[in-house]
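Construct the complete structure from the given sequences, taking the supplied hints into account.
Line by line, the protein sequences are chains A and B. Counted from 1, the first sequence has number 560 at position 560 by the working numbering; the numbering is strictly sequential. Counted from 1, the second sequence has number 46 at position 46 by the working numbering; the numbering is strictly sequential.
Since the hints were derived computationally from the structure, they do not count as laboratory data. Any given hint might turn out to be false.
Pair ranges (Cβ atoms, derived) [unchecked claim]:
#1 A:R344 / B:R204: 51 to 57 Å
#2 A:D37 / B:R204: 52 to 58 Å
#3 A:D37 / B:T133: 26 to 32 Å
#4 A:R437 / B:G107: 39 to 45 Å
#5 A:V168 / B:S54: 28 to 34 Å
#6 B:R204 / A:D583: 55 to 61 Å
#7 B:D176 / A:E164: 54 to 60 Å
#8 B:R108 / A:V372: 56 to 62 Å
Straight-line Cα separation of at most 16 Å, EDC-like style, residue types lysine to aspartate or glutamate; simulated pairs [said to hold, decoys possible]:
#9 A:K57 / B:D176
#10 A:K299 / A:D124
#11 A:K638 / A:D597
#12 A:K166 / A:D185
#13 A:K327 / A:E200
#14 A:K57 / B:E129
#15 A:K638 / B:D176
#16 A:K57 / A:D521
#17 A:K429 / A:E416
Partial list, computed: chain A residues near chain B (C-beta under 7 Å) [claimed, not checked]:
#18 V49
#19 D139
#20 Q141
#21 G209
#22 G278
#23 M653
Cβ atoms here follow ideal geometry from the backbone N, Cα and C, with glycine treated the same way.
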Amino acid sequence: MAEEITIQVGFGDQFHPLTVRLQDGDIPPWQPDQPLDVVGQRKPRLDAVAKVTGTAKFSQDQQPAGLIHGRILRSPHGNAEIRSVDLTAARAMPGVRSALTVPDTFEDSTARYCGAEVAAIAADTEQQADAAMRAIVVDYQVKEHCVTIDASMAEGAPQVGRGEQKNVQRVSPRTRGRRRGRNADPDADRQVVEQMARREKEVDAILAGSDSVVEGTFRTQVQTHAPLETHGAVCSWEDGRLVCWASTQATFGFRGELTSGRGQVKASECRVLSEYVGGGFGSKFSAGREGVIGALLAKEAGVPVKMMLDRSGEQTSAGNRPDSLQKMRMGVNKDGIIQGLQIRSWGTPGSGIGGAGAHNDGIYQLGEIDKVEYGVRTNCGGARAHRAPGWPQGSVALEQMMDMAAHSIDGVDPIEFRKMNDDHPIRAKEYDIARERIGWDRTRVRGGSATICSGVGIASNLWFSAGGGGASALVRIAKDGAVEIRNGAQDIGTGTRTVMAMVAAEELGIPLEMVSTRIGDTNDPQGPMSGGSTTIGTLTPAARLAAHYAKKELLAVVAERKGWDPADLDLRKARVIRNDGSDTGLSFKDACSLMDDDAIEVLKARPRRNYAGFSDTNAGVQAAEVEVDMETGVVRVKKVVAVADAGKLINPMTAESQVRGGVIQGVSFALHERRIMDRHKGRMLNDDLENYKILGSVDCPEIDVVLVDVYNGKSNTQVMGLGEPPIVATAAAVANAVADAIGVRVFEVPITPRRVLEAIASNEKSAAQPKKKGARL
Amino acid sequence: MNKRADDSPEGVSRRHFLKGAGAAAAVVTVAKIPSVTEAGQEVSDDPVIVGPGSISIRLKINGEIREVEAPPSTTLLDLLREHHAMTGTKRVCDRGSCGACTVLLDGRTVDSCSMLAIDAMGREITTVEGIGTPENLTDLQKAFVEKDALQCGFCTPGMVVSCTALLNQNPTPDRDQIRQGIAGNICRCGTYQNIIEAVEHASRKGGK
Numbered sequence: 001m002a003e004e005i006t007i008q009v010g011f012g013d014q015f016h017p018l019t020v021r022l023q024d025g026d027i028p029p030w031q032p033d034q035p036l037d038v039v040g041q042r043k044p045r046l047d048a049v050a051k052v053t054g055t056a057k058f059s060q061d062q063q064p065a066g067l068i069h070g071r072i073l074r075s076p077h078g079n080a081e082i083r084s085v086d087l088t089a090a091r092a093m094p095g096v097r098s099a100l101t102v103p104d105t106f107e108d109s110t111a112r113y114c115g116a117e118v119a120a121i122a123a124d125t126e127q128q129a130d131a132a133m134r135a136i137v138v139d140y141q142v143k144e145h146c147v148t149i150d151a152s153m154a155e156g157a158p159q160v161g162r163g164e165q166k167n168v169q170r171v172s173p174r175t176r177g178r179r180r181g182r183n184a185d186p187d188a189d190r191q192v193v194e195q196m197a198r199r200e201k202e203v204d205a206i207l208a209g210s211d212s213v214v215e216g217t218f219r220t221q222v223q224t225h226a227p228l229e230t231h232g233a234v235c236s237w238e239d240g241r242l243v244c245w246a247s248t249q250a251t252f253g254f255r256g257e258l259t260s261g262r263g264q265v266k267a268s269e270c271r272v273l274s275e276y277v278g279g280g281f282g283s284k285f286s287a288g289r290e291g292v293i294g295a296l297l298a299k300e301a302g303v304p305v306k307m308m309l310d311r312s313g314e315q316t317s318a319g320n321r322p323d324s325l326q327k328m329r330m331g332v333n334k335d336g337i338i339q340g341l342q343i344r345s346w347g348t349p350g351s352g353i354g355g356a357g358a359h360n361d362g363i364y365q366l367g368e369i370d371k372v373e374y375g376v377r378t379n380c381g382g383a384r385a386h387r388a389p390g391w392p393q394g395s396v397a398l399e400q401m402m403d404m405a406a407h408s409i410d411g412v413d414p415i416e417f418r419k420m421n422d423d424h425p426i427r428a429k430e431y432d433i434a435r436e437r438i439g440w441d442r443t444r445v446r447g448g449s450a451t452i453c454s455g456v457g458i459a460s461n462l463w464f465s466a467g468g469g470g471a472s473a474l475v476r477i478a479k480d481g482a483v484e485i486r487n488g489a490q491d492i493g494t495g496t497r498t499v500m501a502m503v504a505a506e507e508l509g510i511p512l513e514m515v516s517t518r519i520g521d522t523n524d525p526q527g528p529m530s531g532g533s534t535t536i537g538t539l540t541p542a543a544r545l546a547a548h549y550a551k552k553e554l555l556a557v558v559a560e561r562k563g564w565d566p567a568d569l570d571l572r573k574a575r576v577i578r579n580d581g582s583d584t585g586l587s588f589k590d591a592c593s594l595m596d597d598d599a600i601e602v603l604k605a606r607p608r609r610n611y612a613g614f615s616d617t618n619a620g621v622q623a624a625e626v627e628v629d630m631e632t633g634v635v636r637v638k639k640v641v642a643v644a645d646a647g648k649l650i651n652p653m654t655a656e657s658q659v660r661g662g663v664i665q666g667v668s669f670a671l672h673e674r675r676i677m678d679r680h681k682g683r684m685l686n687d688d689l690e691n692y693k694i695l696g697s698v699d700c701p702e703i704d705v706v707l708v709d710v711y712n713g714k715s716n717t718q719v720m721g722l723g724e725p726p727i728v729a730t731a732a733a734v735a736n737a738v739a740d741a742i743g744v745r746v747f748e749v750p751i752t753p754r755r756v757l758e759a760i761a762s763n764e765k766s767a768a769q770p771k772k773k774g775a776r777l
Numbered sequence: 001m002n003k004r005a006d007d008s009p010e011g012v013s014r015r016h017f018l019k020g021a022g023a024a025a026a027v028v029t030v031a032k033i034p035s036v037t038e039a040g041q042e043v044s045d046d047p048v049i050v051g052p053g054s055i056s057i058r059l060k061i062n063g064e065i066r067e068v069e070a071p072p073s074t075t076l077l078d079l080l081r082e083h084h085a086m087t088g089t090k091r092v093c094d095r096g097s098c099g100a101c102t103v104l105l106d107g108r109t110v111d112s113c114s115m116l117a118i119d120a121m122g123r124e125i126t127t128v129e130g131i132g133t134p135e136n137l138t139d140l141q142k143a144f145v146e147k148d149a150l151q152c153g154f155c156t157p158g159m160v161v162s163c164t165a166l167l168n169q170n171p172t173p174d175r176d177q178i179r180q181g182i183a184g185n186i187c188r189c190g191t192y193q194n195i196i197e198a199v200e201h202a203s204r205k206g207g208k
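Here it is in structure tokens:
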């Protein structure tokens, strides 16, 4: 019985009506003129007290009785075949309870990067496990390695992969029928190559016909996730059932890997618990080898095993954001309209091939695009999804191209230029906010002979995070008035738990303090993984529906007991009220006490599909202000204005924190972070937290967050996630600000003092010579 | 007279620590093991050779004398976490570069991962558990909650301890002083600005 309703969608002063056909028993979204008591309020997160007192128990903190410690032996070679692993001596060492080898367990005898798993030990103490690791005898056949994309792309480079696998492989456009480890069907591939050649010609012609063409080659570095809690789990077998306290951003996914018939563990039953997770940023979707190893070591030992990675293992083997090499040409006409864009890009996802793409052809109307993208195999730890995978690196290139193009047509203002090529209705407003708050038009000291120069830069976000099917929530209202909402998904620090409870509290007309939560337990209803910034958009409509129908049941009980019309009753401010707003004299608690049963429990799934709504995407604009010391090359980011939207804002406080966090990681990516590989030894040199530089408190800029509330009509909560969008633009805005300040562009991220000084020096050199025609910023 | 423990203000010199930590892999630990009376007074200061087996390690943690048998090579962090089940103090980098394991030693911050537990004998140790409880938060902890100065929460105990020490030493820090006060603590989620605001808020309220 689909009900058709008309709702208002839009933001600010731009609203219009939209007709929506409600599906699967859904309820209408909140309306702009509807008074809300909890949603939209700044609420401290519900687990904050546990976190500030150290009482929050993370996976690392679990200490079930009899706990022993697991350790993983890793390959010291850049590229090797494991001929044999002998555990005999190690097993005889004091305290050792169980051991396994990677070739036996995973049927994989390649160790294709330094840090690859080779064997594992569980012993009573960590020291005993460490000592036993030194007694493992491994026979390696050491091979040549390549640890940078340049080395791997070079003529005659040693082969990284196996069989016919080439070091450099085209990943887009894709040839259908390509199978893992094998090359594409030659006929299908030939067709794609022909199409690519035609496309290249077409776009070549478009660029040739443009008033101005700008080009640039950009590089970004490998960034590790470096969550403070490392990957892994505490694993325990109880009567044949596996329990894992896992540091994961996908409780149900983790369980699936350990129970799957194709996996190594094949547990008939597995419960995954993740009440607190010490960060993930995209790297903790999989149980990983460490999760499997933990479960197997615990099974053999017969006691619980803690198998959490050490920091080196985390840095080398638990994922990263791939690097990129992006070559671009953009054609633009004098009227400011972009005509076309040609892109060739490369990136390394480690010894595998997928996931190294750079999203450098989105956000704006870019005319005709000719893009070819390659993955480059290297003997390095594998990439994993990293907060907006592909976007920050793509943005660093595209946004600098935008500024260069604007500059090339009589120095059009970069913000105005973007507006001319951007049709996002929300972003149109956001540009103006960013412009004003960063002081875009203020006079600044730029380039020249000054020691400290100042500049501003702009860049945009785009994301798609309204969520979708795949979540249920359970709301329980007890006779004594206690309310609990349960969902088995995890909160990795984004505030999901709090937001879920706020939605339930709003629907039940009670203060947030009256709602308790249970999350991070696969025994509770199905929840999403924390990925794609879709958690909140997937979860909250289920939470609201479960609360709504629990409320209906409660009001039915009240109506029956009191002889009232249930359709005339509602809950607000912890009171039972009538539709005209008058009080019935009954409090929420009184109403609950009228139940015959101990509790009302309602489990509801979210509608599978979203409504057409107002906008499918989050927008967002960021502006950065930097100061550059022209003598030392040190860049200081003074301020970042981050204008962000995420559909309807449930908790502006945690939303703001998400944006600030994204900006900080973005600045860190722009200026500091990079994986450094020793090309001779093939190992990561900064597999720690002192040489792998992460932005600290002293260098943290002032971050001015402006949140735009959007009634997008996509779901009954209209929420979009905000984990990933705010990291997309930051590094690009910083790069543009640096170019604005010093009058020359730094094409490589991180923007280190050395690169800044080199850019300034090259600028001075070229200034001394007559300017080449077409040479542009 | 052994003066090693007094080489640095914290009573832990890097040289001394390395010597002790190296001993963990070898056999014995050379250390100054003071006997501690209930009043916390040292009565002996002679160096002794201990280990490799467990010895009795008696520490004053959050005002309470606690004694446990552990190898002398045990770090203060591991002793707190593994032997006393005080897991608020986190292990992150395990080499003194991130601040997640920060505790107070006689009121000053130290990285508990980078000091041996036996070197903390006779000293006042304060962990996050000794700063405030869920039922009785300090003003600083309340400010952390109100200003959302945490996300995943893994750096938070170390941050709370560092900021507590900062406010103890300087009840009215300016923004730069707060930044310096937490310069040794890494937050990966990016809560620095919220933490700075929380410390300012607590400072204005005159609390700690």
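Each hint tested on the structure:
Distance hint for R344 of chain A and R204 of chain B: a CB-CB separation of about 55 Å, consistent with the stated range 51 to 57 Å. Our hint of 52 to 58 Å for D37 of chain A and R204 of chain B is violated, since their Cβ atoms are close to 29 Å apart. D37 of chain A and T133 of chain B have their C-beta atoms about 30 Å apart, which keeps the hinted 26 to 32 Å range intact. For the pair R437 of chain A and G107 of chain B, the beta carbons lie near 42 Å from each other, so the given range of 39 to 45 Å is met.
In this structure the supplied range 28 to 34 Å is violated for V168 of chain A paired with S54 of chain B, their Cβ-Cβ distance being about 56 Å. At about 40 Å, the beta-carbon gap between R204 of chain B and D583 of chain A misses the expected band of 55 to 61 Å. For the pair D176 of chain B and E164 of chain A, the supplied restraint of 54 to 60 Å holds, since their beta-carbon distance comes to about 59 Å. Taken as a hint, the range 56 to 62 Å holds for the pair R108 of chain B and V372 of chain A, whose Cβ atoms sit roughly 58 Å apart.
Using a Cα cut-off of 16 Å, the hinted pair K57 of chain A and D176 of chain B is violated, with the two alpha carbons roughly 32 Å apart. Between K299 of chain A and D124 of chain A, the direct Cα distance comes to roughly 15 Å. Compliance with the 16 Å bound is thereby established for this hinted pair. The straight-line distance between the Cα atoms of K638 of chain A and D597 of chain A is roughly 60 Å, outside the 16 Å bound, and the hint therefore fails. Restraint check for K166 of chain A and D185 of chain A: satisfied, since their Cα atoms lie roughly 15 Å apart, inside the 16 Å limit.
Between K327 of chain A and E200 of chain A the CA atoms are separated by roughly 14 Å; this keeps the pair inside 16 Å, and the hint holds. For the hint pairing K57 of chain A with E129 of chain B, the CA-to-CA distance comes to about 13 Å; that is within 16 Å, so the pair holds. With a C-alpha separation of about 13 Å, the suggested pairing of K638 of chain A with D176 of chain B holds against the 16 Å cut-off. With a C-alpha separation of about 14 Å, the suggested pair K57 of chain A and D521 of chain A falls inside the 16 Å cut-off, and the hint holds.
A distance of roughly 12 Å separates the Cα atoms of K429 of chain A and E416 of chain A; the hinted pair therefore holds under the 16 Å criterion. Here the hint on V49 of chain A is kept, as its CB sits about 5 Å from the closest CB of chain B, short of 7 Å. Look at D139 of chain A: its Cβ only gets to about 25 Å from chain B, farther than 7 Å, so that hint breaks. With 7 Å as the threshold, the beta carbon of Q141 of chain A stays out of range of chain B, its nearest partner Cβ sitting at about 30 Å, so the hint is violated.
For G209 of chain A, the interface hint is violated, the least distance from its beta-carbon to any beta-carbon of chain B being 45 Å, above 7 Å. For the restraint placing G278 of chain A at the interface with chain B, the shortest Cβ-Cβ distance is roughly 3 Å, inside the 7 Å limit, so the hint holds. Interface hint at M653 of chain A: satisfied, since its Cβ lies 5 Å from the closest Cβ of chain B, which is below the 7 Å cut-off.
This entry does not satisfy hints 2, 5, 6, 9, 11, 19, 20, 21, going by the numbered hints stated previously.
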